[in-house]
Amino acid sequence: MPKRMTKAEAARWTLAAATGDAAPQSGAIPVEELAWHDPAYREQILKELAEGRAAARLLGEARADQRSLSPQTNGIIAHELRQPLFAIAMASENLRLMLECDDPDHETMQGSVNRIAEQAQRAQAIIEHTLLRASGETRIETADVAQAARRAVALLDGTARDLDVVVACQLPEEQLLAGLSVIELEQVFVNLIRNALDSIGERRTAGWEGQGLIMITVQKFAGDVHCVVSDNGAGLPDVGGLFEPFFTTKAQGGTGLGLHICREILNKADGDIRPRSSAGGGAEFEIRMPLVSRGQGRH
Amino acid sequence: MQSSTVLIVDDVAAIVEELITLMRLNGIAAAGAADLKGALAALEREPTIRVISCDVRLDRESGLDILDRIMGHPVLCKREFQYLFVTGDQMQIDRLNPDPRVAVLSKPVQPSILIGTLKSMLGVPDA
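Protein chains in written order, with the numbering used here: chain A, 2 to 300; chain B, 1164 to 1290.
In isolation and in its complexed conformation, chain A is listed as follows (with noise of 0.2 Å):
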C-alpha cells in the first residue's frame, strides 16, 4: 500500500507539475513510497491540474494545515502566555505585601500596578496574534510616537505629581508613525520617566531644593522621528554599561533593566538611543526612529 504523501508535498508536486519544474523532494520519504505512484490519486489530480482547480486546492488544503496549531505550537502559546500571567501574580502579591507596610512605597506599588496593566496587555496581544494567525491574516504594526508619549505621561501623572515634579511636553499635532506597537512605544518612554524620576529623586536627596523637571519632546526630522527626553536630576554616571542588563546605579537598588529594555524595542524598528548630559546637569535620552507610513510597519 503506497504511503500518501502529505497535502503540502503534493501541493509542492503538483505545482512542480504545473510548471515543468523537476519535482521537488520529499524529506525523508522515498519517492516510491508517495501517493504519487498511486494510480488513481494521480490520475485524479492530473484531471484536477488539467481543470487548472488541483495546483490551488491543494495549496489552500496545505495553508489551512500550516494554520492549524500542532500540540508544539499549543505548548509555545501557553508558555508564552505563562510569563504575563506569573508576572501578574507576583506584583499582585508584592502589592498585597507593600499594602500589609505601614509606611508603603508608593511609588514601587505604582510600578506594580503599571506592571499588571502592561502584562495583562501583553498577555491579550499574544491572544490576539494567535486568533491572527489561525485566521491566515497579519497584522502590521504602526504607532503614533506622541500619542504613545502621552499614554506614557498619563500613567506616571500621579507618581510626578507626589514627587512634586512638572512634566512638560512638546508634541507634534501630526501623527508620526513608527514600527512598533503603542505599548511598545509606550513602554519606552515610561521607563525613560521613570528613570528620569529617580534621577530627580537623588538629586533632591544630596540636598538640592530646585523644581524637578522633565521635558519631552517629539519631532519629524527628515526621514525620522526625533524623540528627546530630558530632566534636571543628578545626571549620568561617569561609567559604561548605561544600557546592559542590570546595570543600575540607583541607591534604592533598580533592577537595571529599563534602559536595556529601551534599546532593545527600540532596535526592532530600527531605532536608537543614545544618552548625553543636559544643559541643566541632568540626563538627556535622544531616541531616533525611521518614519514609516502605515502598512509599511514590522510585520
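No wet-lab data here; the hints were simulated from the structure.
Only true hints are included.
Covered stretches of chain A (in silico footprint by chain B; criterion: 3 or more residues with CB under 8 Å from a CB of chain B, positions within the stretch not fixed):
id, region
1, 92–106
2, 116–122
Incomplete in silico selection of chain B near chain A, CB under 8 Å:
id, residue
3, L1182
4, T1184
5, L1185
6, L1188
7, K1270
8, V1272
Heads up, the beta-carbon is just placed ideally off N, CA and C, and yes, glycines get one too.
Following the hints, complete the assembly by docking chain B onto the known chain A.
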C-alpha cells in the same frame, strides 16, 4: 545594602523585576540575570549567593545548562549552590528530580510556595 543570597535568572525582565521585589518584601536580598552568561557574571560578582532560581526556557538557551556551566567554571565549581528550576515542562521535571541539589517548581507558581521553597533552601524559617 544587604548582600544577595539568591540569584533570579529569567529572560523576561518583568518577571525578574517582580521576583526581586517579592524577595525583598520577604526579607531576601536577590540579584537578577537575563541569561546564563549574565548569571555566571552575577555569581562571580556576588560571593554570598547560595541559591539559584532559574527559568528552564531562557530564550535560545536551556536554564538547565547552568549546572554544567558552573561545574566547568574554575572558581564557581568550588562553591556550593542549590538550584530551583521553574518550568512548565513535565519532562524537564522528570529529568531533574534525582539530583538532591535541585528543587523544581511547576509554572504557574504560587508566590507563597516560591518564597517558602526559597526560604527552606536558604535555611530561613518561614514566618
